[in-house]
Amino acid sequence: MFDYEFMQRAFWAGAFLGIIAPMLGVYLMLRRQALMADTLSHVSLAGVALGSLISMNPLLSGFAAAIAGGIAVEYLRRTYRTYSEVPVAIIMTSGLALAIVLMSLQTSLSKSFSSYLFGSIVAVSPLQLGVVGGIAAAGLLYFAILRRPLYSLTFDEETARIGGTRVKALSFSFAVLTGMTVAAAMPIVGVLLVSSLMVLPASLALRISGGFASALLIAVGTGLAGIFSGLTVSYYTDTPPGGTIALILLLFLVAGITVKKGVLYANKRKHPLHRERVHPKNEVKENVL
Amino acid sequence: MILSSIRNVVFGYGEAPVLNGISLEIHAGEFVGITGPNGAAKTTLLKLMLGLLKPWRGEVVIHKETLGDRGLKIGYVPQQVASFNSGFPSTVLELVKSGCYSRLGLFKRFGSEEEALVERCLKQVGMWEYRHRKIGELSGGQKQRVCIARALAGEPNVLILDEPATGMDRESRGGFYRLMRHYVDEHGITVIMVTHGLEEAQPFLDRIISLEQKESEEWTCLTTSSCSARFGPALFSE
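Line order of the protein sequences matches chains R and W. Read left to right, the first sequence gives residues 2 to 290 (our numbering). Read left to right, the second sequence gives residues 6 to 243 (our numbering).
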């Protein structure tokens with residue numbers, strides 16, 4: 002399998018995406034923006050269509066559109082403070098509508114658009130690999146440097162602001178990073194599946210982790226395992242790589258939730274008083290407060 | 006010494022003001038209770054003090070020179086912490102450690118000094134034994150205590166609390182008021198607290214600010230009264 006250069010590139014691209022996308026996914030889910038990746042991929046598609054229409058490099062126009070979409074979502078989120086899912090819905094439908102209209106203006110490009118819709122990780126060009134690698138490196142640096150303010154922001158924006166976190170700048174930079182990652186991932190896994198790389202590993206991590214740091218590690222581990230095994234299965238069974246990866250990630254999620262439920266059930270049976278003992282209302286009173 | 010001055014502040018959410026012509030001063034090192042009926046704009050007043058809301062008219066001035074070299078460090082415990090995202094995948098320890106982040110900045114290592122501080126704060130609120138528990142597994146009162154510990158871990162010189170004793174039982178509330186009194190007396194911090202439980206809190210407070218409605222429902226006037234309570238060392242043990 003690794004004798005082929007295209008498979009080597011596919012695994013490298015998968016490794017880069019498998020690190021950055023699930024990390025973003027954890028933060029997005031905690032900020033109740035699970036559909037952000039879907040939204041930005043639709044906006045990015047509109048950017049690609051526009052780029053083709055005005056003879057601009059579609060990769061660049063897709064990038065610009067995704068970043069602009071991320072900023073627009075963040076801007077609208079400040080208007081709809083109590084309905085954080087509303088800006089995502091507004092931008093998603095707007096992006097899709099724009100993409101459909103722009104695509105209809107240039108029917109000759111429909112074939113190239115289908116490659117954006119479904120992506121092809123095994124057709125990653127050296128340029129695309131370089132872009133994904135660069136964004137993954139920038140993203141890792143971003144999370145490493147800003148992990149403390151990002152944690153405060155994600156837990157409670159208001160308290161973070163009072164504590165001195167530059168909430169606005171951080172939120173907008175996070176939206177830009179999300180837009181860049183989506184735009185880079187879109188030609189590889191496709192508009193329809195880009196969100197699976199962010200949401201599915203993060204969903205499992207949030208369900209089974211014992212803390213915040215471990216949630217990030219589990220999400221990345223799950224993302225990498227899903228991508229590598231999906232690519233391998235896809236290579237030997239000749240199934241579409243994007244879909245195979247998404248299905249394997251879904252399998253991991255279902256298996257993880259089932260195992261967690263099984264462990265909890267076994268613990269309850271083993272210790273009949275367990276529930277009573279750990280239930281918060283039955284806690285032993287502390288002697289201070 | 007005056008820490009904060011609110012001068013002729015007018016603020017509202019719609020067309021009519023909910024706070025009209027409010028003026029008050031907060032002194033450094035005092036324990037102030039803000040009270041009033043539901044809808045009396047107590048939380049709004051706190052948010053104006055914190056700079057989270059901009060007044061329509063008037064001004065809120067923080068006299069930073071009062072605080073000396075350390076500058077202003079605000080610890081804040083918002084209302085209804087129990088309603089926070091219960092699925093947040095954080096342990097109690099991780100959350101309280103995050104209280105030190107504003108002091109540590111981006112790169113300073115979390116050292117033994119901070120570890121000791123976090124341990125002390127968690128013990129003071131009686132949550133040390135729960136440090137490895139996920140916050141989603143805690144009751145409302147326990148989450149409240151953890152958020153108080155988080156605010157204390159930031160070593161603030163001004164602590165602003167919005168109904169902090171919500172969800173605590175009577176014994177815990179008493180311990181909490183003693184703890185705040187200790188921080189005021191021994192550490193010299195200023196505590197501003199919105200509370201409904203004035204009867205229990207009053208013996209520990211230096212001053213009470215009462216928000217009362219005038220004839221017009223939107224308008225709120227304000228009275229202050231001094232309390233004579235001064236306590237010795239706090240009654241808790243670490």
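For the record, the hints were derived by calculation from the structure and aren't laboratory data. For glycine and all other residues, C-beta sits at the position ideal for the given N, C-alpha and C. Heads up, a few of these hints could be off.
Said to hold, decoys possible - Taking lysine to any residue and the SDA-like style, the derived pairs with C-alpha atoms no more than 25 Å apart in a straight line are: (1) K113(W) x K261(R); (2) K139(W) x K169(R); (3) K261(R) x I31(W); (4) K169(R) x K78(W); (5) K139(W) x G257(R); (6) K169(R) x L77(W); (7) K139(W) x V255(R); (8) K269(R) x L77(W); (9) K169(R) x S117(W); (10) K59(W) x L171(R); (11) K69(W) x F144(R); (12) K78(W) x I146(R); (13) K139(W) x N268(R).
To be verified - Computed far set for chain W versus chain R, every beta-carbon distance over 12 Å: (14) G17; (15) A21; (16) A33; (17) W61; (18) G92; (19) S95; (20) E99; (21) S103; (22) G110; (23) L122; (24) G159; (25) L203; (26) P208; (27) S215.
As the list claims (entries may be wrong) - Have a look at the derived ranges for each label pair, beta carbon to beta carbon: (28) E70(W) x G134(R): 25 to 35 Å; (29) R79(R) x I7(W): 31 to 41 Å; (30) A267(R) x G145(W): 47 to 57 Å; (31) I146(R) x E118(W): 17 to 27 Å; (32) G145(W) x S115(R): 50 to 60 Å; (33) I91(R) x A21(W): 23 to 33 Å; (34) G135(R) x D190(W): 19 to 29 Å; (35) V102(R) x S28(W): 25 to 35 Å; (36) R167(R) x E120(W): 51 to 61 Å; (37) L218(R) x G145(W): 26 to 36 Å; (38) R79(R) x G110(W): 37 to 47 Å; (39) E70(W) x G211(R): 44 to 54 Å; (40) G135(R) x S117(W): 48 to 58 Å.
Structure-based check of each hint:
no.	hint	result
1	K113(W) x K261(R)	violated, 37 Å
2	K139(W) x K169(R)	violated, 28 Å
3	K261(R) x I31(W)	violated, 51 Å
4	K169(R) x K78(W)	holds, 20 Å
5	K139(W) x G257(R)	holds, 18 Å
6	K169(R) x L77(W)	holds, 21 Å
7	K139(W) x V255(R)	holds, 22 Å
8	K269(R) x L77(W)	violated, 49 Å
9	K169(R) x S117(W)	violated, 32 Å
10	K59(W) x L171(R)	holds, 22 Å
11	K69(W) x F144(R)	violated, 33 Å
12	K78(W) x I146(R)	holds, 22 Å
13	K139(W) x N268(R)	holds, 17 Å
14	G17	holds, 17 Å
15	A21	holds, 21 Å
16	A33	holds, 18 Å
17	W61	holds, 19 Å
18	G92	violated, 6 Å
19	S95	violated, 4 Å
20	E99	violated, 5 Å
21	S103	violated, 6 Å
22	G110	violated, 8 Å
23	L122	holds, 16 Å
24	G159	violated, 7 Å
25	L203	holds, 19 Å
26	P208	holds, 17 Å
27	S215	holds, 25 Å
28	E70(W) x G134(R): 25 to 35 Å	violated, 51 Å
29	R79(R) x I7(W): 31 to 41 Å	holds, 34 Å
30	A267(R) x G145(W): 47 to 57 Å	violated, 29 Å
31	I146(R) x E118(W): 17 to 27 Å	holds, 23 Å
32	G145(W) x S115(R): 50 to 60 Å	holds, 52 Å
33	I91(R) x A21(W): 23 to 33 Å	holds, 31 Å
34	G135(R) x D190(W): 19 to 29 Å	violated, 56 Å
35	V102(R) x S28(W): 25 to 35 Å	violated, 57 Å
36	R167(R) x E120(W): 51 to 61 Å	violated, 27 Å
37	L218(R) x G145(W): 26 to 36 Å	holds, 30 Å
38	R79(R) x G110(W): 37 to 47 Å	violated, 26 Å
39	E70(W) x G211(R): 44 to 54 Å	holds, 46 Å
40	G135(R) x S117(W): 48 to 58 Å	violated, 38 Å
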